[in-house]
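Engineer: What follows is each chain in one-letter form.
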Amino acid sequence: MLLEVRDLDVRYGAVHAVRGVSLAVEQGEIVALLGPNGAGKSSILNACLGLAPRSGGSVTFNGAPISRLPTEIIVRRGLTLTPEGRRVFPHLTVMENLKIGAAANAKLRRETAGRVEEMLALFPALTDRRTQLAGTLSGGEQQMLAIARSLMSAPQALLLDEPSLGLAPNIVDQIFDLIAELKRRGVTILLVEQNVELSLAIADRGYLLASGRIALAGTTAELKSTGRLERAYLGIA
Amino acid sequence: MDLFLQQVVNALSLGGTYALLALGLAVVFSVLGLINFAHGELMTLTGYAIFFALAAGLPYPVALVLGVLVATASAVVMERVAFRPLRNSNATVMLLSSFAVAAMLHVLFQNLISARPKAIPAPQFLMRNVEVLGLQIGAVQLVSIAVTAISLLGLTLFLRRSTLGIATRAAASDFNITRLMGINANLVISTAFAISGLLAGIAALLWLFQRGSVDPLMGFLPVLKAFIAAVLGGLGSLSGAVVGGLLLGFIEVGLRAYLPDGMQAYREAIGLTIVIAVLFFYPSGLVPRREAVR
Ligand SMILES: Nc1ncnc2c1ncn2[C@@H]1O[C@H](COP(=O)(O)OP(=O)(O)OP(=O)(O)O)[C@@H](O)[C@H]1O
Ligand SMILES: [Mg+2]
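Protein chains in written order, with my numbering: chain G, 1 to 237; chain W, 1001 to 1294.
These are computed hints drawn from the structure, not numbers from a lab.
Quick caveat, the model's predicted, so the values are computed rather than measured.
Don't take each hint at face value.
Unchecked claim - Ranges of calculated distance between the beta carbons of each label pair, as one might list FRET restraints: (1) A121/G to R1080/W: 52 to 58 Å; (2) L1157/W to A217/G: 41 to 47 Å; (3) A125/G to L1221/W: 40 to 46 Å; (4) L1164/W to L122/G: 24 to 30 Å.
To be verified - Per the computed footprint, the stretches of chain G lying under chain W, defined by three or more beta-carbons under 8 Å from a beta-carbon of chain W, are: (5) 83-96; (6) 191-204; (7) 208-214.
Stated by the list, open to error - Some residues of chain G that are not near chain W, with every Cβ distance over 12 Å (derived): (8) N46; (9) G50; (10) L51; (11) S55; (12) G57; (13) T80; (14) R109; (15) E117; (16) L122; (17) E141; (18) A146; (19) R149; (20) V187; (21) T219; (22) A221.
We put the beta carbon where it would ideally sit given N, CA and C, even for glycine.
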């Protein structure tokens, strides 16, 4: 297992957002993490990167425990997150946003120019906007930039938090095509999405999260066939 | 007219010093949300470092460089000792810690050195007037303006060109996401403090050239002014700090030059009234900090 979450608990004061969640992602897989608003999906991804308060359980990456490491060290080990709501640096240019994605270590910094070109090839929409401030990009462009910025650190595994949120259908399709392309390039992906149909179409396996617990897990075929997903989503499983 | 231009030069030189100090406050505030009230003590440290370096017989230029380095290093050490252990507590706790650092340094300066001023004579070449375009201008003012301009240019280049500079700007807008780029949070914060210390050290040199002595409270007044300048420009905004500093310089010099003698006693009060009036119309400052994303 490349990424393994065991008995994870996340609490924000009195709010117990994640309750004993275990999940695993194998090298080369796309795994979908589905669930209604407030189920705790973002909390799980953030806790993997040390950005949410983990009150119990553990996270291992490549066999090594990472739950006590600071965020920046986890990223340097090859795990990264494209957070919910894109969060590009609005007052930095597209180019600066990309550059800073490769700031983690000297080797990446040396390869910055080449990787920027690679990203612009992967996201042609950004090519003409290098010198534009990221805050002035459209929502779809910002999402592309956010993913490209994450990829600048050449991650082994990428956690994607609702990349299609608030985007027009044709842009959503582009984003999902891109996720499939990343898989072909060998990036392992844990995908949090509201768009169940599209997610199950590209994922290998999936988990359904409800009220901070795993309600359902299985291959996408299993999840699709039983109709249990819809029922679980509606809370009548 | 000549007198007017003379005053413009004075205003630029005083305002430039305020701008450097306000920038130092703003850089730290933008990254950490902390107003470092011990910023003035960095200036004072520069003063004493130069005093002792000269007393030890070091050449004048070496003493100046040493003074600036002491402020830079002290700022970094201050962060490690007084602020880093408190990073996860709220901003008020760090603010109180900065008051404590300032108070302790005052007491140390008073008891270990002296409560009385120590003379640091400015070098001869700064005591002269220089003729520029038929105008007699103090060399000190000229040097101040030049040093301020070079410092601002250097800082701009650093923040725009270097990876660490871009990271510092990124951290000012979204700290967690900056860490998500694999960038060491402590390194960025140390950088912000180093910049603030460097600017305080440079400002201290300019201040010393004008005053010729250092005492335990040397940094208090200029940093109070710099704080006003930072608020005037928009707290946490770097360009705002520069604008606020320069404007405050113009207000002060203008009042000193053109207020009737009978009203000079109220100069500070009138100056602050102008500041308050500006803030009345621009409550978030003249160049407000762009909305941070958190
Ligand atoms: N920083 C926080 N402080 C307090 N409570 C929080 C915080 N972040 C999340 N929560 C709470 O934790 C619970 C889970 O939130 P989380 O963001 O993980 O859900 P989610 O599944 O990602 O939802 P969505 O689909 O809306 O993004 C929610 O009840 C939320 O209110
Ligand atoms: Mg979420």
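Engineer: Confirm or reject each hint.
Structural biologist: Each hint tested on the structure:
1. A121/G to R1080/W: 52 to 58 Å: violated, 43 Å
2. L1157/W to A217/G: 41 to 47 Å: violated, 53 Å
3. A125/G to L1221/W: 40 to 46 Å: For L1221/W against A125/G, whose Cβ atoms are near 53 Å apart, the range 40 to 46 Å is violated.
4. L1164/W to L122/G: 24 to 30 Å: holds, 27 Å
5. 83-96: Answer holds; 7 residues pass the 8 Å Cβ test.
6. 191-204: The restraint on the segment 191-204 of chain G is violated, since only 0 of its residues have a Cβ under 8 Å from chain W and three are required.
7. 208-214: violated (count 0)
8. N46: violated, 9 Å
9. G50: At about 8 Å from chain W, G50/G fails to clear the 12 Å cut-off, so the statement is violated.
10. L51: violated, 6 Å
11. S55: About 15 Å separates S55/G from the closest Cβ of chain W, which puts it past 12 Å; holds.
12. G57: holds, 21 Å
13. T80: violated, 7 Å
14. R109: violated, 6 Å
15. E117: Holds, because the least Cβ-Cβ distance between E117/G and chain W comes to about 18 Å, which exceeds 12 Å.
16. L122: holds, 18 Å
17. E141: holds, 16 Å
18. A146: Not fine: 9 Å to the nearest Cβ puts A146/G too close to chain W.
19. R149: violated, 7 Å
20. V187: holds, 16 Å
21. T219: Non-interface label on T219/G holds, nearest chain W Cβ at 30 Å vs cutoff 12 Å.
22. A221: Nearest chain W Cβ is 34 Å from A221/G, so the label holds.
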